[in-house]
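**Student:** Sequence:
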Amino acid sequence: MLELDKIHCGDNCDLLGQLPRECIDLVVTSPPYDDLRTYGGHSWDFYGVAWQLKRVLKPGGVIVWVVADATKDGSETGTSMEQALHFKRLGLNLHDTMIYQKLNYLPQNAATRYDQCYEFVFVFSAGTPKTGNMLRDRKNAKAGQTLLTGGRKNADGVLHDKRVLTCAEAGMRSNVWPIAVGGEASDHPAPMPESLARDVVATWSNAGDLICDPFSGSGTTAKAAKELGRRFLGFEINPEYCAIAERRIAQQVLELEAV
Numbered sequence: 001m002l003e004l005d006k007i008h009c010g011d012n013c014d015l016l017g018q019l020p021r022e023c024i025d026l027v028v029t030s031p032p033y034d035d036l037r038t039y040g041g042h043s044w045d046f047y048g049v050a051w052q053l054k055r056v057l058k059p060g061g062v063i064v065w066v067v068a069d070a071t072k073d074g075s076e077t078g079t080s081m082e083q084a085l086h087f088k089r090l091g092l093n094l095h096d097t098m099i100y101q102k103l104n105y106l107p108q109n110a111a112t113r114y115d116q117c118y119e120f121v122f123v124f125s126a127g128t129p130k131t132g133n134m135l136r137d138r139k140n141a142k143a144g145q146t147l148l149t150g151g152r153k154n155a156d157g158v159l160h161d162k163r164v165l166t167c168a169e170a171g172m173r174s175n176v177w178p179i180a181v182g183g184e185a186s187d188h189p190a191p192m193p194e195s196l197a198r199d200v201v202a203t204w205s206n207a208g209d210l211i212c213d214p215f216s217g218s219g220t221t222a223k224a225a226k227e228l229g230r231r232f233l234g235f236e237i238n239p240e241y242c243a244i245a246e247r248r249i250a251q252q253v254l255e256l257e258a259v
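Residue numbers are given in the working numbering: position 44 of the sequence shown equals residue 44, and the series is strictly consecutive.
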């Protein structure tokens, strides 16, 4: 087993191959997609990575796969959908198709296309997810109001067996998450927003669970895992990004120890 709570610099397929079967509770990652990101000329094997992730995922474990498509010659590549279907062919459930909506995206000024302001957040699971700490922070317009629910009327039209409920302050989120882009310190060309990583880690894992990011980049998933009391494994082939991730996590440790 590889050393935990560490960013390992190397090929993610090789590193995943060193893990035992069914050891990972949650995968949170955003792989390089199409030509939208450049990583120093490094390439990767989607099919190999997907197979390894399926192998190491625990029963009830979840993979959160954040991805988008390039537009080439007027047509979207559809790579993200091909990847989603392949995970299904491997036997995983497509538990949810969420949307990460970029609140401050850059306009594309295309003549015949609307601006693209989102990425897919595919949630795959090995069977029914074993953890689901659903976030309830959607403001309820009727918060604090008292409502009558249920009940039945008798022949005289009088309502019986009714229940009185008070509306909660907040309801469960939808699967469209509006998130501001940028504004976080990172020397990476396309870092995952910290709030996105933190919220998916909080939703589909518990304290002490093992989180893996096979495309660790600047270490955002690892940072979120550390903050929330999870163990983590990060894999990154670019030595420069490995160094960035290690610095961020070391700073995170100092901040947590100072609390």
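It is worth saying that the hints were derived from the structure and are not from the lab. One should not assume that every hint holds.
To be verified - In silico PhoX-like pairs for lysine-lysine, Cα to Cα no more than 20 Å straight-line:
1) Lys102 / Lys54
2) Lys54 / Lys142
3) Lys58 / Lys130
4) Lys88 / Lys130
5) Lys58 / Lys88
Stated by the list, open to error - The following label-pair restraints were derived from C-beta to C-beta distances:
6) Glu227 / Arg21: 26 to 32 Å
7) Leu256 / Ala170: 35 to 41 Å
8) Pro107 / Arg247: 30 to 36 Å
9) Ser43 / Glu76: 20 to 26 Å
10) Arg21 / Thr128: 16 to 22 Å
11) Glu255 / Ser75: 23 to 29 Å
12) Met1 / Asp137: 34 to 40 Å
13) Asn93 / Gly208: 38 to 44 Å
14) Ala110 / Arg21: 41 to 47 Å
If you're wondering where the values come from, they're calculated on a predicted model, not measured in any experiment. We treat Cβ as the ideally placed atom computed from N, Cα and C, and that holds for glycine.
**Student:** For a quick check of understanding: which of the numbered hints are violated here, in increasing order?
**Tutor:** 1, 2, 7, 11 and 13
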